[in-house]
Amino acid sequence: QKLKQKFKWSQNQIFTTIKTIIKSAKVVQPQIKIRAVKMDKSDDKIIEAAVAGRVNYIISGDRHLLKIKQYQKIKIVAPTEFLSIYLRK
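Using this note's numbering, the letters of the sequence shown correspond one by one to residues 192 to 280.
Hints may be right or wrong, so weigh each one.
In the PhoX-like style, the derived pairs of lysine-lysine whose C-alpha atoms are separated by at most 20 Å in a straight line are [claimed, not checked]:
hint: 1; residue 1: LYS232; residue 2: LYS266
hint: 2; residue 1: LYS210; residue 2: LYS199
hint: 3; residue 1: LYS232; residue 2: LYS260
hint: 4; residue 1: LYS229; residue 2: LYS264
hint: 5; residue 1: LYS236; residue 2: LYS224
hint: 6; residue 1: LYS260; residue 2: LYS236
hint: 7; residue 1: LYS236; residue 2: LYS258
hint: 8; residue 1: LYS258; residue 2: LYS232
hint: 9; residue 1: LYS266; residue 2: LYS229
hint: 10; residue 1: LYS280; residue 2: LYS266
hint: 11; residue 1: LYS199; residue 2: LYS224
hint: 12; residue 1: LYS195; residue 2: LYS210
hint: 13; residue 1: LYS210; residue 2: LYS193
hint: 14; residue 1: LYS236; residue 2: LYS266
hint: 15; residue 1: LYS236; residue 2: LYS217
hint: 16; residue 1: LYS264; residue 2: LYS236
hint: 17; residue 1: LYS229; residue 2: LYS258
hint: 18; residue 1: LYS229; residue 2: LYS260
hint: 19; residue 1: LYS217; residue 2: LYS266
hint: 20; residue 1: LYS224; residue 2: LYS266
hint: 21; residue 1: LYS210; residue 2: LYS229
Hint data in this document are derived by calculation from the structure and do not stem from the laboratory.
Using the sequences and the accompanying hints, generate a full structural model.
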């Protein structure tokens, strides 16, 4: 719903994007509870999953996550910033 509302995507665009994400996604089971996002505790689960998945980046438009900027060695960036980083490599 959010993709459809925010970006005015068609059902086909949403389906294709979700399929692409599922192909490259890794399902993780976080083993520890993290309290890092003071303004929105529900965002802590994103950081827990990132730690469990040993990722380098969290890519998000969430203002509470973006305010943190980094958790341990995990950088938290907006999609446009990540794209810029990715294209420089």
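For this session: Decide if the proposed pair is consistent with the structure: LYS210 and LYS229, CA atoms, cutoff 20 Å inclusive.
Result: Between LYS210 and LYS229 the Cα gap is close to 33 Å, so the pair fails against 20 Å, i.e. violated.
Exercise. Straight-line Cα separation of LYS199 and LYS224 no greater than 20 Å?
Worked result: Measuring from Cα to Cα gives roughly 35 Å; hence the hint is violated.
Exercise. Does the structure keep LYS266 and LYS229 at a Cα separation of 20 Å or less?
Worked result: Roughly 17 Å between the alpha carbons, so the hint for LYS266 and LYS229 holds.
Problem set entry | Satisfaction of hint between LYS264 and LYS229, Cα-Cα up to 20 Å | Holds: LYS229 and LYS264 sit about 19 Å apart, inside 20 Å.
Exercise. Quick one, are LYS224 and LYS266 close enough, alpha carbons at most 20 Å?
Worked result: Holds - the C-alpha atoms of LYS266 and LYS224 are around 19 Å apart, at most 20 Å.
For this session: Could you grab the alpha-carbon distance between LYS229 and LYS258 and see if it respects the 20 Å cut-off?
Result: Roughly 10 Å between the alpha carbons, so the hint for LYS229 and LYS258 holds.
Problem set entry | Hinted pair LYS195 and LYS210, Cα distance within 20 Å | OK: LYS195 and LYS210 at ~16 Å, within 20 Å.
For this session: Please work out if LYS258 and LYS232 have their alpha carbons no farther apart than 20 Å.
Result: With Cα atoms ~14 Å apart, LYS258 and LYS232 stay inside 20 Å; holds.
Problem set entry | Holds or violated: LYS210 to LYS193, with C-alpha atoms at most 20 Å apart | holds, 16 Å
Exercise. Regarding the pair LYS236 and LYS224, is the alpha-carbon distance no greater than 20 Å?
Worked result: Between LYS236 and LYS224 the Cα gap is close to 8 Å, so the pair holds against 20 Å.
Problem set entry | Distance restraint between LYS236 and LYS258, which requires alpha-carbon spacing of 20 Å or less | Holds, at roughly 16 Å.
Problem set entry | 20 Å Cα cutoff - pair LYS210, LYS199 | Since the Cα atoms of LYS210 and LYS199 sit roughly 18 Å apart, the hinted pair holds (cutoff 20 Å).
Of the numbered hints stated above, those contradicted by the structure are hints 11 and 21, listed in ascending order.
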